[in-house]
Structure formats: structure tokens, C-alpha cells
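Each protein sequence line maps, in turn, to chains A and B. In terms of our numbering, the first sequence is residues 1 to 323. In terms of our numbering, the second sequence is residues 324 to 666.
No lab work stands behind these hints: they were computed from the structure. Heads up, some of the hints might be wrong.
Across the chosen pairs, the derived CB separations fall in these ranges [claimed, not checked]:
#1 B:Phe410 with A:Tyr83: 34 to 42 angstroms
#2 A:Pro115 with B:His520: 34 to 42 angstroms
#3 B:Tyr486 with A:Pro315: 52 to 60 angstroms
Examples of chain B residues toward chain A, derived with CB under 10 angstroms [what the hints assert, rightly or not]:
#4 Phe372
#5 Arg373
#6 Val375
#7 Leu502
#8 Leu510
#9 Pro645
#10 Leu652
Just so it is clear, the structure is predicted and the values come from calculations on it, not from any experiment. Glycine included, each C-beta is placed from N, C-alpha and C at the ideal position.
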Amino acid sequence: MRYLGHRILQSLFLLFGVSLLSFAFVELAPGSFFDEIRLNPQISSETLANLQMQYGMGQPLPVRYFRWLNSAAKGEFGFSFAYNSPVAPLLWSRARNTLLLTGLATLLAWLVALPLGILSAENRQGWIDRFGGLLTSVLLATPDLLLALGVLLLALRTHWLPVGGMLSVEAVGHTKWENLTSIGLHLLGPVVVLVLVSLPTLTRHIRTAMSEALDAPYIHAARAHGIPRWRIVLGHALPVAANPLISLFGLSLGSLLSASLLTEVIMSWPGLGPLLLEAILGRDLYVVIGAVMCASLFFVCGTLIGDLLLFAADPRIRAERLL
Amino acid sequence: MRDKNKIAVLLFCLGALHLAAIFAGFFSPYDFAQQDRAIPYAPPSRLHFRDVKGTIHWRPLVCLLVERPGTFGVYDEDLQKCFPLRFMVRGSEYKLLGLFKSTWHLFGVSVPARVLLMGTDNYGRDVFSRLLYGSQVSLLAGLLATALSLGIGALLGIMAGYYGGWIDVVVMRCGELFLALPWLYLLFALRAFLPLHINSGQAFLLVIAVIGTIGWARPARLIRGVVLSGKERHYVLAAQLSGGSDLYVMRRHILPQTWSILLTQAALLIPQYILAEVTLSFLGLGVGEPAPSWGNMLATLQQYSVLVSYWWMWAPGLAVIPVFLGYLLLANALQAKGGLHRV
């Protein structure tokens, strides 16, 4: 329990640091949302000054940061200039979609990578290993940008998958079931891209960890005793190899979120990615900060879950950390 | 020994790719900005070895493209007007290495025909020429950003490892902050607060600065680890005892211990940073038109019609793959040589 508290405190501290860092970047930035408005001759300079006062733009950085913290405490996370609303509701719907996408992709990627990695490690130089090695090398050398474009091309050419958005226009107003299938179909393209992006690293790590575990002397002893092959692999080697794999779970989330950002933009999935890009192009400062905070929150939560799993799985760590 | 050979071969291949980028002006038949509004989205040229009369030529012929009346982007070859492909021809003027003016090009055909190895884009610009010029931007961005990252990383990592104490704590905490963010989000956040509408040259430097700045944490951590054990060596102690200043000891005795880490990290970071530049430019946050970069060339693929219809617009994307593969294999070979585990 003390460990949990300590870790959560550490994560909160990290998030605090991230918000501070974002605000420091803002201070460096020349230009603001109001520069574009200033070019509009129909808006008087008084209106502009009023607007700037209202949003507290003229104030020094610490004051603005404090105001932002205050609004974050109220659950608003600042104010979006472009949408003329608090940031939190904007973020919430987008963040949900990103979470859905990355969560499903993580699950599927592990479901594919785990058997592939274990089989490769068990039959080293076997055909699964060779095929898997080739596949992961090809995928590793292909940038995620190209993978996303490739899947998009496939979807457009074959019409197997709907492209863009989350719901088909026809599906609006239909039953819940039809809506769900529509979302599922729209989800399929981005999920495939993300699984392909994260598959090679996962598979390779799993293969390495399992190979090391399977080369241990006690595994040879177990083999010599005639314990069935799969009981050795799953019952003896996998728990030993699980340790680095659990830490990998937390770490892989970061690259997955980055890949997800790009995929969402290319495949027009209404997640955090398109919102962030629009906000950057429109200089909608608090939305940018909000989206970055949101992504770091996901990432920090992921590593936290990974750490807790590790804590639960490995008694050695439990003993070491409590000292 | 085998590893050494592998590294040599990989370095040779990567060197060749970079040479092609450096001498882009010479290898490309046209200037990157030269438009031909008569032939937007023209497919790659076909090389003919037999003319209308049936005579066989040893020099391939390139025929003039004529748009089929009433269509867009559908072309017929005017077989009456074919011109032989020539090597070492005079063409548009360019600056070699940014210094010497030259008009020599490796190959080309006489006007009005155009030799288009990879077709043209929406303004009728030669994609092959743009690809080569674009590689200057993309590859150089990767190299310079890596140099920046490793420079900051090595400086802070060595300081943190060597002095320890509060410097160590501050540097490592800051590093954690940078590692805690998904890097593309971090990249975007930093980019978000910098000016958007600037010319290509400034954008290029800006992108390098942004990419280079966010990546310092991982090399810094690794280098700190090496320095922590490295500063305990006896010869370091000897140097300190004989009155060597901190700066001297770090430069002369600590830095050389980190070379292998720096090299491996460079091989890992360069492809990542090339991709970062491509991604930024692809999304319109990096180097903009008219200067070509692989990213802004790929950006046309965001239009569904282009994505589906004109396959040669994928060229810059496919060009990334050999560069990527080369650096990945190099990183693997370097890691294997360093006795580290390959993942």
C-alpha cells in the first residue's frame, strides 16, 4: 500500500512537471491566437483588449499558470479560444476515442505477439521463427506513416472498410447494435495499423526474454526429467520471462500513443490526434496543453499499471522496494 | 571479423545514399521547382528502344507526352517526337555543395520531351528530382538533429555522472520528464508554440532544433551510466591526482569511454529523427513548399484521390525504407560488436 501511494505521488509530481514544461514552452512562443484576429479590420482594438483581458493573456506567466491550475482543479483545464468552451469536455470525448483505439490495439498486439514470440523462442530456427523474424524485420523497417497510408489505400481500393470518422452517415439514428457494428468497422483500420506498428518490438522482446528463460539450466533439468514440453514453456519459462515483459507493457504504451496520434490524423479517427493538430494550427493554446497532458496522463497510468503488475508478480521486487 | 565486414558494407551503402543526396543537383535531371503545368500527374516515362519506323536504338528514347483531349491526367505518347536519353548533358543551373555553380546533369533528354523516372506531381514537377533534393533536407535534418541530441545528451550525461550530487538529481529528473511523454506529443507540443508561417530555411532549422532538443534524455541516461563506472578507473584517478582540471579529465579520459554508446545511439536516433522530420512536414508543421522534403512530398497523399490514383507519389515513402533498414542494421551490428543484446 505504501508502495502504491509512493508511486502515485511520483506520477502526480511528473504530471505537474509536464504542465510546468508546457507552460514554459508557451512563454517562449512568439505569436498568439489573437494575432489572426488582429488582422481582421472589423474587430476594434478595444474588443481585442477586452478579449485578452478576459482570457488573461496580458498577465505574466506565473499568474497564468496559477489560473490554469485553478481551472484544472475545477475540472475545466483552461478555455479554448476556437471552440469558445472549456477544454475538458472537448478533450473528454476525444480522449475516450483514443483510449478505445489504443486499448484495443494494445490488447490485440499482445494477443498476436505473445504466441508468436513464445513459438519463435521454443522453435528457434524453425519455420515460425524464420517467418516471424522476416515479418518483424519488414515491419520494423516500415515507418508507421507508410503503414497507415498503406492500410488507408487498401481500404479505399477494396471498400472492405469504411474510411474516416467513427460512424457512417447512414448509421446515425439507427439501433444501438447497428451503431456498435459501424464503430467496430471504423475502428478496424486504425487498430490494424497500430497492431502492425507495435508488433515487431513486442515480438522481438518476447522472443529474447523467452529464449533467455529457456536456456536456463533448470529448464534443461526439467526437460531431462521428461516433463511435457508445453508445461515447461508455459509453467516454468513464461513466469520467469514475464518480468521484463511486464515492464515492456508500460514502456510500449508511449510509442503506441505516438503512433496512434499519427494514425488518427491519417485515418481521420476522431481522437486526440486531429484535435491536437487543429489546435496547433489554430494556436489554441490551452487545447494543446490539455491534449499533451491527457496523453501524458495515459502514459503515466500505463507505466503505473505496469509497475503494479510487476509488484504483484515478483516477490523479489516486493521485498526490495519495501526495504 | 564478420561484424566488422558487415559494418563496412552497411557504411558503404549508407554513404552511397548520402552521396546521392549531396550531389542531388547533378543526379537529378531538372530543378526541384521547375513546373510544367501541361503535364500534372504524368506517369513515369516509358523508355523505347524501337522507334516508329522499327529501327532499334541502343540509346533509349523518351517520347513527348500529350494530354488526351477532354481528360485530366491521362496522357498519350507522341511517338513521332521521341528523343534519345543522353548522359552528361547541360541543363538548368544549380549549386554544387552550395558553392560551385554548374549546369552539368548526369542524364537528360532534349526539350520539349522530359525524362520522368518517377512521374510528376500536381504542378508537373519531376518527382525524381524532388526526391533527390528532398533527401538533402530529410537526411540532413536527421543527422543534424542527432548531433544536437547527442551533444546535449553527452554534455549533461557526463556532467551528471561525473559530479553527481544535486547536478545528477536535477539532470536525471528533467530527463524523466522528457521520457515520460509520448515523444510525438512532445514534438508537437514544442512545435505548437513556435511560429508556423516561416520560410523553408528557417523552418528547417527550427525543426532540427525541436527534434534535437526533445531526444537528449535517453543518451544522457546511458552516458551517465557509463561515466559512473568509468570515473572509478585508476587512470582517471591518476589524471585527477596529477592536477588535471575537471574539464581536461572529462574531455581526455571520460569522453572517449562513451564513444561506443554515442555511435550506437547515433545509428538508432538518425532514422527516428528522419522519420520525425518526415512526419512533421507531412502534417504541415515542418519544412514547407516550395522546398521539397520527403514529408511534404508525401503530404499530397492525404488527398484520397491522389492516394488511390497516382502510385508514383509514394516514391519518397519508399525511399525512406532503405535508409531506415540501413541504419537499423548498422545499429544492430554496432550493438553486437559492443557485446550488447540485440532486440
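Verification of the hints:
1. B:Phe410 with A:Tyr83: 34 to 42 angstroms: With Cβ atoms ~59 angstroms apart, the hint is violated.
2. A:Pro115 with B:His520: 34 to 42 angstroms: 50 angstroms, violated
3. B:Tyr486 with A:Pro315: 52 to 60 angstroms: Cβ of tyrosine 486 of chain B to Cβ of proline 315 of chain A: about 37 angstroms, so the range 52 to 60 angstroms is violated.
4. Phe372: 33 angstroms, violated
5. Arg373: With Cβ-Cβ at 34 angstroms, over 10 angstroms, it is violated.
6. Val375: With a minimum Cβ separation of about 36 angstroms from chain A (threshold 10 angstroms), the hint on valine 375 of chain B is violated.
7. Leu502: At about 8 angstroms, which falls below the 10 angstroms cut-off, the nearest Cβ of chain A leaves the hint on leucine 502 of chain B intact, so it holds.
8. Leu510: Because about 8 angstroms separates leucine 510 of chain B from the closest Cβ in chain A, which is inside the 10 angstroms limit, the hint holds.
9. Pro645: 8 angstroms, holds
10. Leu652: 9 angstroms, holds
In summary, the numbered hints that this structure violates are 1, 2, 3, 4, 5 and 6.
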